[in-house]
Amino acid sequence: MAAVIQSSPGQQVNNDTRHMRVAFAVLLAFFIVAPVVVYPVFLMKVMCFALFACAFNLLIGFGGLLSFGHAMFLGTAGYAAAHSAKVWGFTPELAVLFATACAAVLAFVTGLLAIRRQGIYFAMITLALSQMVYFFYLQAPFTGGEDGIQAVPRGFLFGVIDLSNTAAMYVFVLAIFMFGVLLIWRVVHSPFGQVLKAIRENEPRALSLGYDTDRYKFTAYILSGTIAGLAGATKALVFQLASLTDVHWSMSNEVVLMTLLGGLGTIFGPIIGAAVIITMQNYLAQLGAWVTVVQGLIFVICVLAFRRGIIGEVANMIRKPL
Amino acid sequence: MEIFGVPSQALFGQLLIGLINGSFYALLSLGLAVIFGLLNIINFTHGAQYMMGAFVAYLCLNKLGVGYWPSLIIAPIVVGITGVIIERTMLQRLYKLDHLYGLLLTLGIALIIQGLFRNEFGSSGQPYPIPPELTGGQNLGFMFLPNYRAWVIGASLFMCLATWFVIERTKLGGYLRAATENPTLVQAFGINVPKMITLTYGFGVALAALGGVMAAPIYQVSPQMGADLIIVVFAVVVIGGMGSILGTIITGFALGLVEGLTKVFYPEASNTVIFVVMALVLLVKPAGLFGTQK
Chain A
1 MAAVIQSSPG QQVNNDTRHM RVAFAVLLAF FIVAPVVVYP VFLMKVMCFA LFACAFNLLI
61 GFGGLLSFGH AMFLGTAGYA AAHSAKVWGF TPELAVLFAT ACAAVLAFVT GLLAIRRQGI
121 YFAMITLALS QMVYFFYLQA PFTGGEDGIQ AVPRGFLFGV IDLSNTAAMY VFVLAIFMFG
181 VLLIWRVVHS PFGQVLKAIR ENEPRALSLG YDTDRYKFTA YILSGTIAGL AGATKALVFQ
241 LASLTDVHWS MSNEVVLMTL LGGLGTIFGP IIGAAVIITM QNYLAQLGAW VTVVQGLIFV
301 ICVLAFRRGI IGEVANMIRK PL
Chain B
1001 MEIFGVPSQA LFGQLLIGLI NGSFYALLSL GLAVIFGLLN IINFTHGAQY MMGAFVAYLC
1061 LNKLGVGYWP SLIIAPIVVG ITGVIIERTM LQRLYKLDHL YGLLLTLGIA LIIQGLFRNE
1121 FGSSGQPYPI PPELTGGQNL GFMFLPNYRA WVIGASLFMC LATWFVIERT KLGGYLRAAT
1181 ENPTLVQAFG INVPKMITLT YGFGVALAAL GGVMAAPIYQ VSPQMGADLI IVVFAVVVIG
1241 GMGSILGTII TGFALGLVEG LTKVFYPEAS NTVIFVVMAL VLLVKPAGLF GTQK
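Just so you know, the sequences run in chain order A and B.
Take the first sequence: its letter number 21 is residue 21 in the working numbering, and every next letter is one higher.
In the working numbering, each number is its position in the second sequence, counted from 1, plus 1000.
Any given hint might turn out to be false.
Computed footprint of chain A on chain B; a stretch qualifies when at least three of its residues, placed anywhere within it, have a C-beta under 8 Å from a C-beta of chain A [unchecked claim]:
id, segment
1, 1091 to 1101
2, 1109 to 1115
3, 1162 to 1173
4, 1251 to 1262
Simulated from the structure, these hints should not be mistaken for lab results.
Positions of the beta carbon are idealized from the N, C-alpha and C atoms, including for glycine.
Modelling step: build the complete structure from the supplied sequences, incorporating the hints.
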């Protein structure tokens, strides 16, 4: 992805982080005020997918690795959270932690395989691995097959706060979302993140400078999968449901689409992209297969004419990375 | 008669199904490899173009009364032309960019095509009859071989080998291989490389459509028929490595057989066995069985 991202201002090392603080404050303020006018469950859905897309973007936007199998982390964590909360009676924070750990383990195992190839092969391998995971969940007894795991209890946070209360759940999701996004921002701006960008721009050179590029890519892959798992676990608690939809490859397509539309390699792009795509699905839901057509069109338009994405264009206009 | 505790009829039956699936894996991964060789693009639309091939045959039969045999020629040409249009109008703009954009673009096109077909024909499958010349079958003593399936295996093997012959043994194929190595130099010799790229894409797509026509009487004709198949074909391509045409063909057929055998001995894993093989190959030989790592 180096070709485009080089031209995007989101990539420059910029010590001026004031406007970023403002942007984070705006983001937080938006999600605090928005429930007054927008249906909170819809906003929670947006936050889950936004975090999912941010995690995916960590890998492609900053590491240059296109994964076509990120649904496996979302879905695995969803099943783990749902099963542990419903069958084992975990409290919500334990269920989320356990599910995120499961996604991390899956990322470790699949990363060992996928990281052996680059570029297009990496994309195909992650796609194939996630399809394998999909078939596993299709047949595994604990997932409930086509029905999924339904009526997952949201439980009591720390044993005290009742999350079946929408307002409490909303704050819980918002906290996780902000934690995840800030974590990604921290990672991107750490020395680790800088090395990752160096690898994306020119892997042989990074290698010749003495960086063990495979280890960096592997770590980025695990981080990305783990945060995607965090999003999946939260999503399962919000909707009290874990189903095959979240593991299916079309979910992986969607996260690619959200990130591409919002802006590869930007911090806020995936959030905007997720919000746009989720809103669109909400309004076009009655139209059936036309949703697929519209998604395909957005892919084509983004690739042919709009490669910076929404936030990438804005960042280019104000000449500051976002 | 039993082999390893499995009735031989069942064993050979599954092996036959495996060979049939293998024929399609080989045809599709061959098209992908040919396209990748020259365009450096993984054609995500391949599954949708396979499906279009089947639908062209289906529409020819039901709207125009044109039967199976003419469809074998018509469908690849029609779908090949749409491929040429896609290459000329869209893919061409991406050659200077990262290859991943080609993947994303062709994914978008695949979604559009599949969505449009689903709107028009619904999600359920449409039956397509076996051509009358090929109904019935042969009793080989140890198993019953339906004529149509024998024809599919034979025809697909023939197409694969013909493609191999053209690419590896003719002058045209020589130009193609040279352009894969160094397009600028080949162009300097007065060969129209952009045109060759367009035709190569059209040809790869036509192979997919041919696979679709042959698949129509075996599987049902449905808008989703290529969507899951393409993922398996990707795994096949990773296992074989796209460096060698013959390697791609062998891998395709062999993996079909492996899948068939798994259905006999451990049916639960038949959906995943190809992905497991892929994981093992990546551990042992990351470049693929016949590939060379750049």
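Results for each hint:
1. For the segment 1091 to 1101 of chain B, the assignment as covered by chain A holds, since 8 residues bring a beta-carbon within under 8 Å of that chain's beta-carbons and 3 suffice.
2. Residues of the segment 1109 to 1115 of chain B lying with their CB closer than 8 Å to a CB of chain A number 7, which satisfies the three-residue condition for coverage.
3. For the segment 1162 to 1173 of chain B, the proposed coverage by chain A is not satisfied: 0 residues have a C-beta within less than 8 Å of a C-beta in that chain, short of the threshold of three.
4. Look at the segment 1251 to 1262 of chain B against chain A: 0 of its residues bring a Cβ nearer than 8 Å to a Cβ of that chain, fewer than three, so the hint is violated.
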